[in-house]
Amino acid sequence: MRLMIMVKSTKDSEAGVMPDEKLFAAMADYHEDLVKAGVLLDASGLHPTSKGLRVKYSGGKRTFLDGPFAESKELIAGYTIIQVKSWEEGMEWVKRFPPPHGDADCEIEVRRLFELDDFTPSESIDRFRDMETVLGK
Amino acid sequence: MTAPDTHRAIDAVWRIESARLIASLARMVGDVGAAEDLAQDALVAALERWPESGVPDNPGAWLMATAKHRAIDLLRRRTLLARKHKQLGHELEARQEMAVPDLDAALDDHVGDDLLRLMFTSCHPVLSTEARVALTLRLVGGLTTEEIGRAFLVATPTIAQRIVRAKRTLAEAKVPFEVPRGSELAARLSSVLEVLYLIFNEGYSATAGDDWMRPALCEDALRLGRVLAGLAPEEPEVHGLVALMEIQVSRAKARLGPAGEPVLLLEQNRGRWDQLLIRRGLAALRRAEELGGASGPYALQAAIAACHARARTPEETDWPRIAALYEELAQVVPSPVVELNRAVAISMAVGPAAGLERVEALKAEPLLKAYHLLPAVRGDLLDKLGRGGPGGVRAGGVAHPQRAGARRAPGACRRERALGRRRRGSPGPMRSELQAQEPDQPVGGALAPGTPAPFLESGPPRLRLVALEDVGLARRELGVEDVEVRLVVQPERPIVEVGGADRGPDLVHHDDLHMIHGGLVLVDRDARLEQRPPERA
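Chains as they are written, first to last, in the working numbering: chain X, 1 to 137; chain W, 138 to 674.
Possibly wrong hints are sitting among the right ones.
[Claimed, not checked] A few chain W residues facing chain X, derived, Cβ under 8 Å: (1) R145; (2) A146; (3) A149; (4) R152; (5) I153; (6) E315; (7) P317; (8) R360; (9) L361; (10) R363; (11) V364; (12) E371; (13) L413; (14) I415.
[Unchecked claim] Straight-line distance between alpha carbons at most 20 Å, and here's what the computed SDA-like set of lysine to any residue pairs gives: (15) X:K11 x X:P98; (16) X:K95 x W:D142; (17) X:K73 x X:M6; (18) X:K36 x W:R424; (19) X:K95 x W:P188; (20) X:K56 x X:P68; (21) X:K36 x W:P196; (22) X:K85 x W:R351; (23) X:K85 x W:P141; (24) X:K85 x W:R495; (25) X:K85 x X:L65; (26) X:K73 x X:D29; (27) X:K36 x W:W349; (28) X:K85 x W:R424; (29) W:K500 x W:L511; (30) X:K95 x W:V192; (31) W:K521 x W:L504; (32) X:K36 x X:P98; (33) X:K95 x W:T139; (34) X:K36 x W:G286; (35) W:K390 x W:A448; (36) X:K36 x W:G249; (37) X:K36 x W:R351; (38) X:K85 x W:A448; (39) X:K95 x W:K506; (40) X:K95 x X:M6.
By construction, these hints were calculated from the structure, which means they are not laboratory data.
The beta-carbon is built from N, C-alpha and C at its ideal position, and this holds for glycine as well.
Could you put the whole structure together from the sequences, leaning on the hints where they help?
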């Protein structure tokens, strides 16, 4: 199964403050371990939402909103995708995740990616999945 | 945390730590068999203690420390190793004084090298291929004997036996626990790569109804390949193999239709190819090429797979480049099967006449005498040229692709069956039996003889025989006790004979025979049987 470890934003990360060398090193070590174990699929940090965009859908209309956005704890600052055999194995890796913003209070969130096997095959599910992919799932 | 929770956590820790543990212990005691026993002892200790004490903060270090104590006991018993023991004692004492994270770091210094040694030892040529596969999955992949058995459709005791024998063989042959050097390295590395690719192909050839352990083998192989790429980053073929596996597995979800039926490469919905894996595969291929390994056999196969991966539509496929890559591959690993693939690529790039020319040249090739795909390809090219195959003349001359349901002469039907195509659904303008030649198939047969190449066919995967010797499987699948199944490959008509003690061999009706390739057969479960004709054509 694939898990996404999402690092939530902080005020500093939203302000574009780059992590210090120590934090970079801890993250690099951790991700190197993931590579060595053959479980890392993808990882990246995200620019602050000041460089982002939102599209709101309401009453059949679209509205475009430029960042930055206020609720920094709910925003995502980066992600790591791993492929593991079980949820427990994933948790073993999550436990080893270094505090992502050093000493600052912050959160990470772990979510499981949908896989084809999660659905029973049906034509509409198929079409839905195809659409998802086309839309850049 | 409840006891079952703890057990699951321990399983997870084991999966992450066991290979490193066994590898480090093997370096200490110089014997992978003893190392595995020690690691298992540590696991048992964890199973006893952790449900009460909780899982320690650094479970890997805990297991390692426990196992090392036991290793020292073992070495102490082996009095002749007294000197080594003393050295280890000091080492352990020194480490115990360090803080836990440092201990982990200290272990890490060696662990990469040890893991690499473990891979090379598990894939040592003194072992049979089967034993290499089982040992690698067990020691490096962290799979249980039962899991390996399920994945390979082999009884657990058989796998257990295989592993025990393998460990004994390694000990008796006094195989040193080391990474080979110099001229030996290339050959030994290719054995490791072959084992990983075998594991991958075993998973890749799994069909929809199979136990999930089978397709999971792809993940295991890929994971081991990624690990190996980290351990031996300078070896281009390692990256080549990883690239090949990443790109192949990127298509895993598009390979099966809604009813679990296989879908040909050129008919797959490319929107369902996993772009993340493709990206990783292309990056790995680039690394292989940057390291000067563009002409390695795995890198070449990966480059061929990459041509498909890069094409957004089947029409965009760079067939001239694929043909050129096959040409290069044929020089590196000369094989008539590669030549046949090349002929198909040429026919796609230039036209059926050019492809046919190559195929005609291959007819004299003794190794292809019994290879059913040669006549199948030839017949298809003849069809495309409007000449009709040798097995019969098309009822309506040149077949109209849209009239797939139209009545066909027996010869054409047979070829189509031999290629496993079913006349159902809408074939579409790209319909071509030839695409079966250029499917999700590694030309791995050329590299790893005996590997059932995951040859994509449409047609229901109801009965799968991996190697026809496996009559037991046939018995189970056919639900007949006294059955004898034998494959008879003839140039024009592959036959499966089903016979029993009390009756002569029957033939499975060729219409019910969907695929034969590299020892892989699909037969309808409700296949009709025919009496064997007095003389076989």
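Against the structure, the hints come out as follows:
1. Satisfaction of the interface hint for R145 of chain W is found here, the shortest Cβ-Cβ separation to chain X being roughly 4 Å, below the 8 Å cut-off.
2. Because the beta carbon of A146 of chain W sits about 5 Å from the nearest beta carbon in chain X, less than 8 Å, this interface hint is met.
3. Annotation: A149 of chain W was flagged as interfacial toward chain X, and the flag holds, the nearest CB pair being 4 Å apart, inside 8 Å.
4. The beta carbon of R152 of chain W comes within 5 Å of a beta carbon in chain X, closer than 8 Å, and the hint placing it at the interface holds.
5. Among the interface hints, the one on I153 of chain W holds; its C-beta lies about 6 Å from the nearest C-beta in chain X, closer than the 8 Å criterion.
6. With 8 Å as the threshold, the beta carbon of E315 of chain W stays out of range of chain X, its nearest partner Cβ sitting at about 20 Å, so the hint is violated.
7. Checking P317 of chain W against chain X by beta carbon gives a least distance of about 21 Å; that is not within 8 Å, so the hint is violated.
8. The beta carbon of R360 of chain W comes within 4 Å of a beta carbon in chain X, closer than 8 Å, and the hint placing it at the interface holds.
9. Look at L361 of chain W: its Cβ gets to within about 7 Å of chain X, closer than 8 Å, so that hint holds up.
10. Hint status for R363 of chain W: holds, given a least beta-carbon distance of 4 Å to chain X, under 8 Å.
11. With 8 Å as the threshold, the beta carbon of V364 of chain W comes within range of chain X, its nearest partner Cβ sitting at about 4 Å, so the hint holds.
12. With 8 Å as the threshold, the beta carbon of E371 of chain W stays out of range of chain X, its nearest partner Cβ sitting at about 16 Å, so the hint is violated.
13. The criterion of a C-beta within 8 Å of any C-beta in chain X is met by L413 of chain W, whose closest approach is roughly 6 Å, and the hint holds.
14. At about 12 Å, the closest approach between the beta carbon of I415 of chain W and any beta carbon in chain X exceeds 8 Å, and the interface hint on this residue is violated.
15. As the CA atoms of K11 of chain X and P98 of chain X are separated by approximately 19 Å, the hinted pair is consistent with the 20 Å bound.
16. Between K95 of chain X and D142 of chain W the CA atoms are separated by roughly 15 Å; this keeps the pair inside 20 Å, and the hint holds.
17. The straight-line distance between the Cα atoms of K73 of chain X and M6 of chain X is roughly 12 Å, inside the 20 Å bound, and the hint therefore holds.
18. For the suggested pair K36 of chain X and R424 of chain W, the alpha carbons sit about 17 Å apart, so the restraint of at most 20 Å is met.
19. The suggested pairing of K95 of chain X with P188 of chain W holds, with an alpha-carbon distance near 18 Å, which does not exceed 20 Å.
20. Distance hint between K56 of chain X and P68 of chain X is fulfilled; the C-alpha atoms sit about 15 Å from each other, no more than 20 Å.
21. At roughly 18 Å between alpha-carbon atoms, K36 of chain X and P196 of chain W fall within 20 Å of each other, so this suggested pair holds.
22. This hinted pair checks out: K85 of chain X and R351 of chain W have alpha carbons roughly 13 Å apart, not beyond 20 Å.
23. For the given pair, K85 of chain X sits about 17 Å from P141 of chain W by alpha-carbon distance, which is consistent with the 20 Å threshold.
24. As the CA atoms of K85 of chain X and R495 of chain W are separated by approximately 46 Å, the hinted pair breaks the 20 Å bound.
25. This hinted pair does not check out: K85 of chain X and L65 of chain X have alpha carbons roughly 40 Å apart, beyond 20 Å.
26. Of the pairs offered as hints, the one joining K73 of chain X and D29 of chain X is violated, with about 25 Å between alpha carbons and a cut-off of 20 Å exceeded.
27. Between K36 of chain X and W349 of chain W the CA atoms are separated by roughly 25 Å; this puts the pair beyond 20 Å, and the hint is violated.
28. Between K85 of chain X and R424 of chain W the CA atoms are separated by roughly 27 Å; this puts the pair beyond 20 Å, and the hint is violated.
29. Proximity of K500 of chain W to L511 of chain W is assessed by CA-CA distance (about 8 Å); at most 20 Å being required, the pair is judged to hold.
30. Between K95 of chain X and V192 of chain W the alpha-carbon distance is near 12 Å, which keeps this suggested pair within the 20 Å criterion.
31. Of the pairs offered as hints, the one joining K521 of chain W and L504 of chain W is violated, with about 26 Å between alpha carbons and a cut-off of 20 Å exceeded.
32. Our distance criterion of 20 Å between C-alpha atoms is met by K36 of chain X and P98 of chain X, whose separation comes to about 17 Å.
33. A distance of roughly 18 Å separates the Cα atoms of K95 of chain X and T139 of chain W; the hinted pair therefore holds under the 20 Å criterion.
34. As the CA atoms of K36 of chain X and G286 of chain W are separated by approximately 27 Å, the hinted pair breaks the 20 Å bound.
35. Of the supplied pair hints, the one linking K390 of chain W and A448 of chain W holds, its CA atoms being roughly 17 Å apart against a limit of 20 Å.
36. Restraint check: the Cα-Cα separation between K36 of chain X and G249 of chain W comes to about 8 Å, which is no more than 20 Å; the hinted pair holds.
37. Between K36 of chain X and R351 of chain W the alpha-carbon distance is near 24 Å, which puts this suggested pair outside the 20 Å criterion.
38. For the hint pairing K85 of chain X with A448 of chain W, the CA-to-CA distance comes to about 31 Å; that exceeds 20 Å, so the pair is violated.
39. Of the pairs offered as hints, the one joining K95 of chain X and K506 of chain W is violated, with about 58 Å between alpha carbons and a cut-off of 20 Å exceeded.
40. For the proposed pair K95 of chain X and M6 of chain X, the alpha carbon gap of about 14 Å is at most 20 Å, so the pair holds.
In summary, the structure is inconsistent with hints 6, 7, 12, 14, 24, 25, 26, 27, 28, 31, 34, 37, 38 and 39 from the numbered list given earlier, while agreeing with the others.
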